[in-house]
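Undergrad: Just so you know, the sequences run in chain order Z and W.
With the numbering used here, letter number 63 in the first sequence gets 63, and the count goes up by one each step, no holes.
With the numbering used here, letter number 1 in the second sequence gets 1, and the count goes up by one each step, no holes.
These are calculated hints, taken from the structure and not from any lab test.
Ideal Cβ positions, reconstructed from N, Cα and C, are used throughout, including at glycine.
Incorrect hints may appear among the rest.
[Claimed, not checked] Keeping only pairs whose Cα atoms sit at most 30 angstroms apart, straight-line, the calculated BS3-like set for lysine-lysine is:
#  : chain 1 : residue 1 : chain 2 : residue 2
1  : Z       : Lys54     : W       : Lys108
2  : W       : Lys120    : Z       : Lys12
3  : Z       : Lys41     : Z       : Lys12
4  : Z       : Lys41     : W       : Lys129
5  : Z       : Lys77     : W       : Lys122
6  : W       : Lys122    : Z       : Lys41
7  : Z       : Lys77     : Z       : Lys12
8  : Z       : Lys27     : W       : Lys108
9  : Z       : Lys86     : W       : Lys97
10 : W       : Lys129    : Z       : Lys61
11 : W       : Lys49     : Z       : Lys77
12 : Z       : Lys12     : W       : Lys97
13 : Z       : Lys61     : W       : Lys64
14 : Z       : Lys27     : W       : Lys120
15 : Z       : Lys41     : W       : Lys49
16 : Z       : Lys77     : W       : Lys101
17 : W       : Lys97     : W       : Lys129
18 : Z       : Lys166    : W       : Lys120
19 : W       : Lys49     : Z       : Lys102
20 : Z       : Lys102    : W       : Lys120
[What the hints assert, rightly or not] Just the calculated beta-carbon pair ranges, DEER-fashion:
#  : chain 1 : residue 1 : chain 2 : residue 2 : range
21 : W       : Asp43     : Z       : Lys54     : 40 to 50 angstroms
22 : Z       : Lys54     : W       : Glu147    : 16 to 26 angstroms
23 : Z       : Arg51     : W       : Gly57     : 13 to 23 angstroms
24 : Z       : Glu34     : W       : Ser96     : 35 to 45 angstroms
25 : Z       : Asp60     : W       : Asp99     : 33 to 43 angstroms
26 : Z       : Ala155    : W       : Gly57     : 21 to 31 angstroms
27 : Z       : Glu34     : W       : Glu147    : 29 to 39 angstroms
28 : W       : Leu121    : Z       : Pro179    : 16 to 26 angstroms
29 : W       : Ala41     : Z       : Pro179    : 39 to 49 angstroms
30 : Z       : Gly146    : W       : Glu124    : 16 to 26 angstroms
31 : Z       : Glu40     : W       : Gln65     : 14 to 24 angstroms
32 : Z       : Glu97     : W       : Pro47     : 36 to 46 angstroms
33 : W       : Glu147    : Z       : Gly146    : 46 to 56 angstroms
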Amino acid sequence: MTLVLGLAGCAKNYVVLLPNDDGTTGKVVVEAREGVTLLEKGREGADIGGRVGKTFEVSDKQIAEDFGEALAASPEKPVSFLLYFKVGTDILTPASEADLPKVLAEIRRRPVPDISVIGHTDTMGDADVNARLSLMRAGSTAEMIGKLDPSVISADRISIESHGEKNLLVPTPDNTDEPRNRRVEITVR
Amino acid sequence: MATLRLLVLAAAFSWAANVSATEDPVIGYVKTVEGEALVLAADKATPAKPGLPLQIGNMLKTGKQGSMGVTLKDNTVMSLGPDTELVVEDYLYSPSKGDLKLDASMNKGSLNYVSGVIAKLKPEAISLKTPAGNIGIRGTHFLVTVEGKD
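Throw the hints in and build the complete structure from the sequences for me.
TA: This is the structure we're talking about:
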């Protein structure tokens, strides 16, 4: 059942689902003792503590009225870059080295940036060695960013992580040479 | 040769391994501020400004004319409208170990929420409590408003 929310001055304890930037829409559930109310359409809302299963459509005008300031305060969405490495090393491929200026430009564009650098390997060789190799990849990438422009970001705003061979971009069996898995992911926030 | 180089570099970066193995108390940062906005810890209240680090247990609080936006390490984006109180009760983000959790509670106000990596990997690990009931997040963008009781 869908109603248009138009009552001014009613108790304002409600959730409204919005579409994602990529056009998809996620899901939210409002939980109560008696059961849950599922929201799965854009601008579909439900009262928190309201009747289970009862949802309503929320107008753009209502959203602007109730959430205009919250929406205006939204930080920019984080952006991620993938850089790839030569086999068994922490040396970037030439193509990925050429991508570094784009990463720096994105960091510079943001007023108070922080970044994550997450290192990964393919499944060639030993998992422990790969855990160290992926850490080296993350560390040397962070170092390279600092060398290219020491003022772009301070070291305490860089978080270095290592996933070894445990988080493959392209799923492969063990001991598989896969260039797309030899990577770091840099997320700029 | 490749092995030797690997070992030398591994030694050079062992400090980094130690650093990342210790608990990093910073879970995210304030990114935008308008008007009156505070970040409260158990023992102090800090005026929010862009770049201020956030820790578990912090309350984000905005005044009648205030608003503030934050990002967390898993790329969760949250922004608060005026007269809002939101506490980050618990936060775990260590995907390589599978440690993922985001517990927040909202006492009052308005919130814009865009989920991050935790919602993708383990949606049941996120909860948002409000005085009128809890909200479960399944990877998504949503808004919440809660009427204060004060």
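Undergrad: Against each hint, give a clear statement of whether it holds in the structure.
TA: Consistency of the hints with the structure:
Proposed proximity of Z:Lys54 and W:Lys108 is supported: the alpha carbons are some 22 angstroms apart, at most 30 angstroms. Our distance criterion of 30 angstroms between C-alpha atoms is met by W:Lys120 and Z:Lys12, whose separation comes to about 29 angstroms. Of the supplied pair hints, the one linking Z:Lys41 and Z:Lys12 holds, its CA atoms being roughly 20 angstroms apart against a limit of 30 angstroms. Note on Z:Lys41 and W:Lys129: the hinted pairing holds, with a Cα-Cα distance of about 22 angstroms set against a maximum of 30 angstroms.
For the proposed pair Z:Lys77 and W:Lys122, the alpha carbon gap of about 20 angstroms is at most 30 angstroms, so the pair holds. With a CA separation close to 21 angstroms, the supplied pair W:Lys122 and Z:Lys41 stays within the 30 angstroms bound. Restraint check for Z:Lys77 and Z:Lys12: the C-alpha separation of about 27 angstroms stays at or below 30 angstroms, so the hint holds. Taking the CA atoms of Z:Lys27 and W:Lys108, the gap is near 22 angstroms; set against the 30 angstroms cutoff, the hint holds.
A hinted pair counts as satisfied when its Cα atoms are at most 30 angstroms apart, and Z:Lys86 with W:Lys97 qualifies at roughly 26 angstroms. With a C-alpha separation of about 26 angstroms, the suggested pair W:Lys129 and Z:Lys61 falls inside the 30 angstroms cut-off, and the hint holds. With a CA separation close to 18 angstroms, the supplied pair W:Lys49 and Z:Lys77 stays within the 30 angstroms bound. Taking the CA atoms of Z:Lys12 and W:Lys97, the gap is about 39 angstroms. The hint is violated against a cut of 30 angstroms.
Annotation: proposed proximity of Z:Lys61 to W:Lys64 holds, straight-line Cα distance about 21 angstroms (limit 30 angstroms). Proposed proximity of Z:Lys27 and W:Lys120 is supported: the alpha carbons are some 12 angstroms apart, at most 30 angstroms. Among the hinted pairs, Z:Lys41 with W:Lys49 is inconsistent with the structure: their alpha-carbon atoms are about 35 angstroms apart, more than 30 angstroms. With a CA separation close to 20 angstroms, the supplied pair Z:Lys77 and W:Lys101 stays within the 30 angstroms bound.
Taken as a hint, the W:Lys97 and W:Lys129 pair is honoured in the structure, with Cα atoms around 26 angstroms apart against an allowance of 30 angstroms. Distance restraint check for Z:Lys166 and W:Lys120: the Cα-Cα separation of roughly 17 angstroms lies within the 30 angstroms cut-off, and the hinted pair is therefore satisfied. A hinted pair counts as satisfied when its Cα atoms are at most 30 angstroms apart, and W:Lys49 with Z:Lys102 qualifies at roughly 27 angstroms. Using a Cα cut-off of 30 angstroms, the hinted pair Z:Lys102 and W:Lys120 holds, with the two alpha carbons roughly 26 angstroms apart.
Look at W:Asp43 against Z:Lys54: about 43 angstroms separates their beta carbons, and that is inside 40 to 50 angstroms. A C-beta distance of roughly 18 angstroms is found between Z:Lys54 and W:Glu147, which places it inside the suggested range of 16 to 26 angstroms. Separated by about 35 angstroms at the C-beta atoms, Z:Arg51 and W:Gly57 break the suggested range of 13 to 23 angstroms. Remark: the range hint 35 to 45 angstroms for Z:Glu34 to W:Ser96 is upheld by a beta-carbon distance near 39 angstroms.
Between Z:Asp60 and W:Asp99 the C-beta distance comes to about 39 angstroms, which sits within the given range of 33 to 43 angstroms. A C-beta distance of roughly 25 angstroms is found between Z:Ala155 and W:Gly57, which places it inside the suggested range of 21 to 31 angstroms. In this structure the supplied range 29 to 39 angstroms is violated for Z:Glu34 paired with W:Glu147, their Cβ-Cβ distance being about 21 angstroms. For the pair W:Leu121 and Z:Pro179, the beta carbons lie near 25 angstroms from each other, so the given range of 16 to 26 angstroms is met.
Evaluation of the 39 to 49 angstroms hint for W:Ala41 and Z:Pro179 yields a pass: the beta carbon distance comes to about 46 angstroms. For the pair Z:Gly146 and W:Glu124, the supplied restraint of 16 to 26 angstroms is violated, since their beta-carbon distance comes to about 38 angstroms. The supplied range of 14 to 24 angstroms is broken by Z:Glu40 and W:Gln65, whose beta-carbon atoms lie about 35 angstroms from each other. A hinted range of 36 to 46 angstroms holds for the C-beta pair Z:Glu97 and W:Pro47, which are about 42 angstroms apart.
Between W:Glu147 and Z:Gly146 the C-beta distance comes to about 48 angstroms, which sits within the given range of 46 to 56 angstroms.
Hint compliance for this structure: hints 12, 15, 23, 27, 30 and 31 are not met, and every other hint is.
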